[in-house]
Every structure is written in C-alpha cells, then in structure tokens.
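These protein sequences, in sequence, are chains A and B. In terms of the numbering used here, the first sequence has 238 at position 197, counting the first letter as 1, and numbering is strictly consecutive. In terms of the numbering used here, the second sequence has 256 at position 85, counting the first letter as 1, and numbering is strictly consecutive.
Keep in mind that the hints are not guaranteed to be accurate.
[To be verified] Listed next, the in silico DSS-like pairs over lysine-lysine satisfying Cα-Cα at most 27 Å (straight line):
1. B/325 x A/151
2. A/169 x B/281
3. B/185 x A/150
4. A/77 x B/281
5. A/276 x B/281
6. B/296 x A/276
7. B/325 x A/301
8. B/325 x A/161
9. A/423 x A/374
10. B/271 x B/281
11. A/179 x B/325
12. B/271 x A/316
Please keep in mind that the hints were generated in silico from the structure rather than gathered at the bench.
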Amino acid sequence: MSELVQRVDLIFGEYSDQKYKTLQETINRQNEDIIKDILDSGLRGRGGAGFPTALKWKFTMEQPGEEKYVICNADEGEPGTFKDREILTKVPRKVFAGMAICGKVIGAKKGYMYLRGEYKFLLPDLLKEIEVYNEHAKEIGIDFTIEIRMGSGAYICGEESALFESMEGKRGEPRNKPPYPTVSGYLNKPTVINNVETFVNVLMICRIGPIQYRKLGTLDSRGSKVFSVSGDCPKPGIYELELGMPLTQFVDEFGDGDTKAVQVGGASGFCVPRKKFKETIIGFEGVPTGGSMMIFNSSRSMYNVLHNYLEFFEEESCGQCTPCRVGCQQLRKGIEAVKRGEKPVIYLDQLMKLSETMKITAKCGLGQSVANSFSSIVSNFKEEMIY
Amino acid sequence: MAATNNIIKGLVEKYGRERTSLMPILQAIVEQNNYLSDYDMTEIARELDLSAAQVYGTATFYSFLDTTQRGKYVIRVCKTISCDMHGKKLILQTIENMLKIKTGETTQDKKFTLLETNCLGWCHKGPSMLINEKVYSDLTPENTHEILAEYMSK
C-alpha cells in the first residue's frame, strides 16, 4: 500500500480478549446513550443507501408493542460486492454482537440473518457461531436469540421489504413505502434491518467510542468502509479503507495504469470515466457505494459492460411494476438496435428519457437505480454505444 | 409417492405449518431431490393449508427453487461482468464439451445440469461457479476440466 491509501483495521480487527466483552459492557448502558453514541459517530448504513443508523434504531425503539425484530441483511447480491461474505467468514461474532445490541436498544427478542443462497457454504460455520452466541446470551442474561434464514437466488430480496416478503414465505416482491420497516416490517411488526457491515460498525463504535470513530473518514462519510475491488486490477480483493477518498487516489493504488472507468456501487451505481476521477469523492458527498468498485481498462467495451448490467436487471426485476419489468427489456433491446444501426443515434436520447422515467416511476430501488449506470455509461461513452 | 409424503410430513413437523415455514420447506426438498415436482408442491400446499398456486407462485419466483427436473449436480456458472470479462465463456465451453450438453440442459443420465447464474460474489476470483452449494473460483479451462472429471467419476 502506498502512503496515501491507509488500510484500516476496524471491521476485521481481532476479537476482544473475552468472548462478547463489548456486548456485555454495552447491555448495561442506557438505550438513549447508545443511540446518542451511534448518532455522534455519524454512522450511515453500509448497504449502499446510507440512511443514518441511529435514526432507524430510534424510530423503531419508539414504536409501541412488544413484538419487534432485528434483521441482518446478508443477501449481498450487487454485482462486484463480496465484502459481507468476508465479514461473515472472518468476524461473524462481531455481527451477532451488533445485532444483540440492536435487540436490546429497540426491545426485540428475536433476530434473523437472511443469508443469500449463493453463500450456503457459510452456513455450517455460522450455525456453530450462533450456538456459541445463544449460549453466551443466556449466561449473561440477554433475552435475544438469533436464527438464520436462507435466500434462494433472487437479487431483489436484498431490498428490505422484498426480504420480509421472502421470509414470510412469499414471492420476493417489494412493498409500497411508507410504511417503512421501522413501523411495519417483518410480519408487519417494527423492524430494524441493517447490512452486515453496519452491525459490525455499531459494535466497533460501542468498543472505541464515537470520538475515536469519527476520526476516520470525512464530514459526510464517517468511519471506514470495506471495499470489494475487482475487474482490471492487479490486486483484486477486500480492502478496509477510510471513506471520502478521491477516486484518483483509489485508481492510482488499484488500477493497472490503463484504467478507463470505475463502476462505483455495482450495477446499480455510477460509472465514472477517467476525466472525472479527480473531482470524484468516494463517499456520501460524492459517489456512494455499498463497497463495490469495478475497474475497467481501455481494452474493455463499455457497450458490453452496459449490456451485461441490463441483462442482469432484466432477469432480476421482480416483474411487479411495469416501468421496471418493461423498461429493463426496452433499454437492452434499444442499445442493441442502435449498435446494429437499426435505430438512429438520437434514439439513445429516447432511452435516456426512459431510464429517467423509470427513476421516478419504478416501485423500488432496483428499477429506480437502473438509470444510474445507464445514463452514466451512455453519456460518457456514447461513441462506444454506436460504433 | 409415499416416500415423498413422509419427507414432506417430516419437514412440516420440523419447521411448522406457518406460511413463514414455506421457504425452509421448499429449500429442504430442493436440497434432497434437486427440484420441486408438481406433486411436492400440491402436497406442501395441503399440509400448510395454502392454495397450490401460492406455493407454485413462491417457488417459481426463486432461481434456486427449480420446478423442472435437474441433475444430481447442478452447475451454475457466474455470468456477471467481472467473471464475464475474465473468461466465463471458455469455462462454459469446456463444460459443454465435456458433458455434451448446451447451457440450460441436463445430461441424459440426470447427473448434471448446466446453468448460468447472476453474481455469485467471487468477482475478485472470477470466473467462478457453483456445483450444488460448493464454490469453485479462479477457474481456467484446465482446472475446470479437472474439477468436472472428478464429479464425472463419482
């Protein structure tokens, strides 16, 4: 690593010397104090959307009723993202401890982890660790148990309300919002659903305190982030880095010297071309990411990249709302027609309009975010779409 | 059929009759039989007091819950961008040639099914594939040949 890019060792750092030590210390604190610490830390959700974690917890805590749930979203399906797999392999205990803290704060007795079907090979080890957790929880008097539910190969189930539907034994079709999960989530009960990495961040905030945590990152993007780096990169893999880094720095460190574009945030994120590397910040003040960083060098056809994304969205669209179901197909067919010369170049403008329409009319994040990659690739690499 | 009935009864006993038990039950049957037959789905519907359409609707939504017969070993090759860029096509060709089937097909002896799938989460080690639930990454035509030969001799 060069001096500019510092690796952080927060998420993947070693367990505390005693089993579930931080959890044990935290459960004796006041709920309001814990929420205040998380709020002060500036932590925003690590799944990609970046909602302030403390508010999510606070809203759920304030809901009346005995029955509430904590759900860990381990349905990591965004192309180019594989950090949750690494977290669940290396530090699962931190995830369960984070979930237990959440359970205590919001008053839930039951937590679930929704693990994607593709990661079923992780299940035996996770179940062992859960057994350790459940036993330990009993010993220290925490009334919060954790179970695992499996997904079965559907990207859309990473969308929180689709995930609830799936856990309820239904098709994974997103719900209308509001009501939000904090009011009506799993089984229509108040639910906190967070990404795997978010729960680990909470635990680390409880361990090192918000002041220490805030030293990492920038004003809008506090803390560290686990990045999944892939594509045309001499050293692809998982890297825990501070948020708020300029993309130039990232490319200097991870690119192969011939980087043409970086897809930040996966297929539903943005494609940044070389000329914009300097002005682009990786973080909530610039281009946000759930961790996915895919690097493309000049040998790659951006038409092929976009075509691959559109095929992906077309297959993974749940089919419930028309803008997304039909829109994804038409975008793919449209760029194919332009490439073959059957449609004039200005037809690309029509397609851009269609993607913008999907952004405002699609029911959930999937259909809404197709426009991110579509317009950023088409507008920056127009000649590659045509010739 | 009696054997299937017993399996389903056992699963219902284990997971319960709630709607929330549906996914675990469907997943367990696929794990045992590699797919869900019409008979399985109607029986599950009866046990959980759901309509067969509800069970079928749920099952067909998920790409890992197959409702057509699959081979004993289901091979799913990742086709998403990173794996695609790093030579997924050659891997598919290697497997197609060895098994003498096209992508999407099942061998006559019902031992293998070859499918493509979306991102498996091994983008830094592409191309990658799943054989049932086992992951194989950093694939080359050579090591794919070796891996598959081992399964073929099983």
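Satisfaction of hint between residue 161 of chain A and residue 325 of chain B, Cα-Cα up to 27 Å: holds, 22 Å
Pair hint residue 179 of chain A and residue 325 of chain B, alpha-carbon separation not exceeding 27 Å: violated, 45 Å
Pair hint outcome, residue 271 of chain B versus residue 281 of chain B [Cα-Cα no greater than 27 Å]: Given that 27 Å is the threshold and the Cα spacing comes to 13 Å, the pair holds.
27 Å limit on alpha-carbon distance, applied to hinted pair residue 296 of chain B and residue 276 of chain A: holds, 10 Å
Hinted pair residue 169 of chain A and residue 281 of chain B, Cα distance within 27 Å: With a Cα-Cα distance of about 34 Å, the restraint between residue 169 of chain A and residue 281 of chain B is violated, given a limit of 27 Å.
Pair hint residue 271 of chain B and residue 316 of chain A, alpha-carbon separation not exceeding 27 Å: Status violated; Cα separation ~47 Å.
Restraint check for residue 325 of chain B with residue 151 of chain A, where alpha carbons must lie at most 27 Å apart: violated, 42 Å
Proposed proximity, residue 150 of chain A with residue 185 of chain B (alpha carbon, max 27 Å): holds, 22 Å
Residue 325 of chain B paired with residue 301 of chain A [C-alpha distance capped at 27 Å]: violated, 46 Å
Given hint residue 374 of chain A paired with residue 423 of chain A - CA-CA distance at most 27 Å: Roughly 16 Å separates the two Cα atoms, so the pair holds.
Straight-line alpha-carbon gap residue 276 of chain A to residue 281 of chain B, limit 27 Å: Not satisfied, since the Cα-Cα distance of roughly 40 Å exceeds 27 Å.
27 Å limit on alpha-carbon distance, applied to hinted pair residue 77 of chain A and residue 281 of chain B: Distance of about 58 Å is beyond 27 Å: violated.
In terms of the numbered hints stated before, the structure departs from hints 1, 2, 4, 5, 7, 11 and 12, listed from lowest to highest.
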